[in-house]
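Mind docking chains F and R on chain A? Use the hints.
In the order they appear, the protein sequences are chains A, F and R.
Taken in order, the first sequence gives residues 1 to 99; the numbers are from the working numbering.
Taken in order, the second sequence gives residues 1 to 539; the numbers are from the working numbering.
Taken in order, the third sequence gives residues 1 to 120; the numbers are from the working numbering.
Honestly, the hints are just simulated from the structure, not real lab data.
Computed beta-carbon distance windows for the label pairs: (1) R/G116 / F/G128: 21 to 27 Å; (2) F/A496 / R/M97: 56 to 62 Å; (3) A/N26 / R/W112: 30 to 36 Å; (4) F/A247 / R/I77: 30 to 36 Å; (5) R/A16 / F/Q146: 49 to 55 Å.
The beta-carbon is built from N, C-alpha and C at its ideal position, and this holds for glycine as well.
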Amino acid sequence: MSLSHYIYLATILFSIGAVTVLLRRNAIIVFMGVELMLNATNLAFVTFARVHGTLDGQVIALFVMVVAAAEVVVGLAIIMAIFRARRSASVDSANLMKL
Amino acid sequence: MIPALGAQYLGAQLPGVDLVPATFNYAALSPILVVLGVATVGVLVEAFVPLRSRYAAQVGLTLAGLVAAFLLLVLLAVNHQTATAGLKVLGGAVLGSVIIDGPALFLQGTILVFAILGVLTMAERLGGVGADAFTPMGSATPGSGQEALALRAGSMTSEVFPLTLFAVAGMMLFPSAGDLLTMFISLEVLSLPLYLLTGLARRRRLISQEASLKYFLLGAFSSAFFLFGTALLYGYSGSVYLPDIAAAIPQGGSELNGLLVPGVFLVAVGLLFKVGAVPFHSWIPDVYQGAPTPVTGFMAAATKLAAFGAILRVVYVGIESARWQWSPAIAVVAILTMVVGAVLSVTQTDVKRLLAYSSIAHAGFILVGVLAFDRTGVSGVMFYLVSYGLTTIAAFAIVGLVRADGAEATHLSQWAGLGRRHPWTAGTFAFLLLAFAGIPLTSGFTAKFAVFEPALRSGATGTIMVVVGLLASAVTVFVYVRIIVLMYFTDSQNDAVAVVTPSVMTTIAITFGAAMTLVLGVWPTELLQLSASASQFLR
Amino acid sequence: MTNSYIPLLFLLAIGAGFAVLSVGTSLVVGPKRYNRAKMEAYECGIQPTPHASGGGRVPIKYYLTAMLFIVFDVESIFLYPFAVAFNSLGLFALVEMVLFILTVFVAYAYVWRRGGLDWD
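So here's chain A without its partners, still in its complex pose (with noise of 0.2 Å):
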């Protein structure tokens, strides 16, 4: 199988990412959606280390996955006191301020 193929199911999965991002309502989900768009650049990276045969790319993937973990922690964290404070994780109920 070529490797192009791998590119376009990195985009793809990309593209639901942020698609889920812009049209969910659920925080939670929203965040998933981010979590879905740095795998999906994982998944990128792995398959140019291999087409450029060279290290980088698998090493660089590991420091995504810790960075998308500090990133879980403090969405989590800031989700957490929102529900807490609303009852309601819905992004479209944070609405205090508008233009």
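Just chains F and R now, with coordinates in the frame of chain A:
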């Protein structure tokens, strides 16, 4: 045999595994390492120092660490100049992952100054136990009994100081990152603490938490774009190092050629989000309004500076030779940013939101300087960032002092007649507003000149951008003058609004910011020379 | 070529054999006493929660535990490349790794002292 299988696997899949031991220039990294080390000690202080002495320990430790890092940096910069007369040295600290060159030193020093001023304003207690701007307990539900209990017990979120230090370390690393991975990591290191700091305001907790959520979701979204762009550029050039990407551009012709432009644009999304350029600006008003006011001031000054530093490095070290493919789009972004920021600031009724839209417009002005594509453009941008940051920190510090019943009076109508009752405060604020507007004899004028002049020389696009920039400036002048009129020539209906007397720390921050705004307007030569001599990127 | 996979097959067989043997032995040898608690769904260490479809929700403090777990779990990612390349990296990398783990322990000390590990 298993071992044979393993060796076979390694041989087939991982060619060229000759590990080069990394070389570190610890002297060049020392300011960043000091900030990170002090931040880690700050976490230990949180864990082991008893509550009553925590505030003093944290503030003392944080300020000492920042000052120490700044002195180290000055030492480094002086040596750098005397040893080699301003040529490129000290580079490639970590296998080229961190480049400490002229712009990096200049921007890191400025970030440390901003951080010292920012911490001085964040530490303001106004007679309370902990820092006044921050909630006593971040995890407590707003208005709950738990929160009242925490307040009575005298608890405080002194974690804000280590968090600020971590953010500062990320900001220092951001403009000195020599490869896109380091840039991504430092982007996250600077962003994650800021997401948390945004949600810790003492008053109007719900708005603060909401700002935090919006900042986090949009920030994570945009950094994912940055990362995917990095992946595409890695696919294009086989390396994430900016000089390697620059070297790959003229070769071209490979089957992966199509990855360059999408990669550049996706990376640009991540960077332009951080500076708040249109159309990636929607978070700025909400976050600036919801965040604790000292955090807003620090964030507005330092994040913008760090992100523009990173943009400069990506543009001038990495992708300049392909600029015909991407610079028209960025020019459109710059024009949109100036127009939208200026026009929308007209309709604002909240001081913090108004300053937020003004910050969007300023991001547009700075982008004009970035697109000049020569060394004077770089030095102009750096000068602009310094003067804008100092003015911003002082302005938000003053906003934090105007109170009604203990809470900040941010609605513009509450500022009516302030000039008569508090002439000094209102006078300083009016002066800072004139600097934002770019009136001569303020740093704002010098700064606008420093970015517009190289842009004018760069060609037709530059001229168009400068014309739009001047028109946008005219609109913002109207906005600022309206506030000044409101403060001095309108009768107040509300006597509850008063300026609280700050401690010496906030006073220092405001005085320094305002004084530098004047100095850089009247006598800018020294800093202009410094930024010009520091404007050569190491490639 | 195929030779090199034989040990893997052995490992597979041993693993499967152990699983079948231990479950089978307990079926044959073990006592059989049924009560209500035994018939319930099993969740590790807690009262079973209702089905998710019936609106069953997880207590919010699980998120705190999950966050702490993620932090300490994912940091160990860096140990893998370090272990693979240890021989060619030498002492320097060892010192760096010790510093890294110490830093993670700073976070642990914070969580522990501020009550993040107190259940209830």
